[in-house]
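Respectively, the protein sequence lines represent chains A and B. In our numbering, each residue's number is its place in the first sequence (first place is 1) plus 125. In our numbering, each residue's number is its place in the second sequence (first place is 1) plus 22.
Bear in mind the hints are in silico, worked out from the structure with no lab data behind them. A quick note: this is a predicted structure, and the numbers were derived from the prediction, not measured. Fair warning: there could be bad hints in the mix.
Restraint ranges, calculated between C-beta atoms of paired labels, are given here [to be verified]:
no. : chain 1 : residue 1 : chain 2 : residue 2 : range
1   : A       : Thr241    : B       : Ser75     : 29 to 35 Å
2   : B       : Tyr53     : A       : Asn176    : 18 to 24 Å
3   : B       : Gly38     : A       : Glu212    : 38 to 44 Å
4   : A       : Ala197    : B       : Val42     : 27 to 33 Å
5   : B       : Ala133    : A       : Ser179    : 31 to 37 Å
6   : B       : Ala101    : A       : Gln185    : 27 to 33 Å
7   : A       : Ser179    : B       : Thr27     : 30 to 36 Å
Capping the alpha-carbon separation at 27 Å, the derived lysine-lysine pairs in DSS-like fashion look like this [unchecked claim]:
no. : chain 1 : residue 1 : chain 2 : residue 2
8   : A       : Lys191    : A       : Lys139
9   : B       : Lys64     : A       : Lys191
10  : B       : Lys125    : A       : Lys139
11  : A       : Lys189    : B       : Lys64
12  : B       : Lys64     : A       : Lys139
Sample of chain B residues facing chain A (criterion: CB under 10 Å; computed from the structure) [unchecked claim]:
no. : residue
13  : Gln28
14  : Pro30
15  : Asn40
16  : Leu41
17  : Gly65
18  : Ser68
19  : Gln73
20  : Arg77
21  : Thr109
22  : Ala113
23  : Asn118
24  : Thr119
25  : Leu121
26  : Val122
27  : Gly126
Beta carbons are placed, not taken as given, at the ideal position from N, Cα and C, and that holds for glycine.
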Amino acid sequence: GAVVSQHPSWVICKSGTSVKIECRSLDFQATTMFWYRQFPKQSLMLMATSNEGSKATYEQGVEKDKFLINHASLTLSTLTVTSAHPEDSSFYICSLAGTSGNYEQYFGPGTRLTVT
Amino acid sequence: KQEVTQIPAALSVPEGENLVLNCSFTDSAIYNLQWFRQDPGKGLTSLLLIQSSQREQTSGRLNASLDKSSGRSTLYIAASQPGDSATYLCARISGNTPLVFGKGTRLSVIA
Numbered sequence: 126g127a128v129v130s131q132h133p134s135w136v137i138c139k140s141g142t143s144v145k146i147e148c149r150s151l152d153f154q155a156t157t158m159f160w161y162r163q164f165p166k167q168s169l170m171l172m173a174t175s176n177e178g179s180k181a182t183y184e185q186g187v188e189k190d191k192f193l194i195n196h197a198s199l200t201l202s203t204l205t206v207t208s209a210h211p212e213d214s215s216f217y218i219c220s221l222a223g224t225s226g227n228y229e230q231y232f233g234p235g236t237r238l239t240v241t
Numbered sequence: 023k024q025e026v027t028q029i030p031a032a033l034s035v036p037e038g039e040n041l042v043l044n045c046s047f048t049d050s051a052i053y054n055l056q057w058f059r060q061d062p063g064k065g066l067t068s069l070l071l072i073q074s075s076q077r078e079q080t081s082g083r084l085n086a087s088l089d090k091s092s093g094r095s096t097l098y099i100a101a102s103q104p105g106d107s108a109t110y111l112c113a114r115i116s117g118n119t120p121l122v123f124g125k126g127t128r129l130s131v132i133a
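Start from the sequences and build out the full structure, keeping to the hints where you can.
Have a look at this one:
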């Protein structure tokens with residue numbers, strides 16, 4: 126299976142600042158990555174689909190100007206939370222689909238963001 | 023809107039018991055179904071993936087079944103252990119698109 130890493134694993138930032146989260150595919154090239162958000166005791170909710178070399182596709186209700194996604198290469202997608210607010214505190218997870226044809230998805234370990 | 027429902031929301035069992043977690047979905051045109059485990063504060067670990075042409079998959083003490091006609095999947099855990107305590111999520115897969123997750127079942131196995 127694919128190996129996906131995220132950096133940082135956790136981050137604390139002050140309200141109003143910006144935070145960048147990286148999602149890397151370590152062992153194959155991914156044209157599409159997905160970003161999810163998970164609030165405590167909730168399931169994962171898709172935020173956006175990140176496409177290499179083109180604009181991300183955002184889900185309804187997710188502000189594209191607040192959550193900036195850049196998929197600059199086939200192994201790296203970044204999510205930048207701009208002007209962070211305490212309500213942005215959440216667990217952010219990225220995933221990518223494998224190439225085996227069964228569409229199995231592989232997830233990063235997640236990033237815990239706390240905005241104070 | 024495609025939905026995935028998991029029952030029960032929480033389950034507590036004594037060690038050694040066999041148990042079944044349920045997942046139902048509204049879209050009969052799914053491709054595959056994937057079961058995950060999530061420990062508190064951690065990411066997702068893939069347990070089993072059942073392709074739409076398959077009826078079940080097994081890995082160790084885990085067995086997952088898929089019945090597309092009834093829109094159901096079950097995850098069977100044999101001889102449960104305290105280390106099995108986690109949240110179990112099922113997700114519908116339709117091609118190379120984002121997964122649609124259920125809300126999960128929080129399992130506690132008591133020693």
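Tested hints:
{"no.": "1", "hint": "A:Thr241 - B:Ser75: 29 to 35 Å", "verdict": "violated (50 Å)"}
{"no.": "2", "hint": "B:Tyr53 - A:Asn176: 18 to 24 Å", "verdict": "holds (20 Å)"}
{"no.": "3", "hint": "B:Gly38 - A:Glu212: 38 to 44 Å", "verdict": "holds (43 Å)"}
{"no.": "4", "hint": "A:Ala197 - B:Val42: 27 to 33 Å", "verdict": "violated (45 Å)"}
{"no.": "5", "hint": "B:Ala133 - A:Ser179: 31 to 37 Å", "verdict": "violated (51 Å)"}
{"no.": "6", "hint": "B:Ala101 - A:Gln185: 27 to 33 Å", "verdict": "violated (44 Å)"}
{"no.": "7", "hint": "A:Ser179 - B:Thr27: 30 to 36 Å", "verdict": "holds (34 Å)"}
{"no.": "8", "hint": "A:Lys191 - A:Lys139", "verdict": "holds (16 Å)"}
{"no.": "9", "hint": "B:Lys64 - A:Lys191", "verdict": "holds (25 Å)"}
{"no.": "10", "hint": "B:Lys125 - A:Lys139", "verdict": "violated (30 Å)"}
{"no.": "11", "hint": "A:Lys189 - B:Lys64", "verdict": "holds (26 Å)"}
{"no.": "12", "hint": "B:Lys64 - A:Lys139", "verdict": "holds (23 Å)"}
{"no.": "13", "hint": "Gln28", "verdict": "holds (9 Å)"}
{"no.": "14", "hint": "Pro30", "verdict": "violated (15 Å)"}
{"no.": "15", "hint": "Asn40", "verdict": "violated (25 Å)"}
{"no.": "16", "hint": "Leu41", "verdict": "violated (20 Å)"}
{"no.": "17", "hint": "Gly65", "verdict": "holds (4 Å)"}
{"no.": "18", "hint": "Ser68", "verdict": "holds (7 Å)"}
{"no.": "19", "hint": "Gln73", "verdict": "holds (5 Å)"}
{"no.": "20", "hint": "Arg77", "verdict": "violated (15 Å)"}
{"no.": "21", "hint": "Thr109", "verdict": "holds (9 Å)"}
{"no.": "22", "hint": "Ala113", "verdict": "holds (8 Å)"}
{"no.": "23", "hint": "Asn118", "verdict": "holds (5 Å)"}
{"no.": "24", "hint": "Thr119", "verdict": "holds (8 Å)"}
{"no.": "25", "hint": "Leu121", "verdict": "holds (6 Å)"}
{"no.": "26", "hint": "Val122", "verdict": "holds (8 Å)"}
{"no.": "27", "hint": "Gly126", "verdict": "holds (6 Å)"}
In the structure shown, a violation is registered for the earlier hints numbered 1, 4, 5, 6, 10, 14, 15, 16 and 20, in ascending order.
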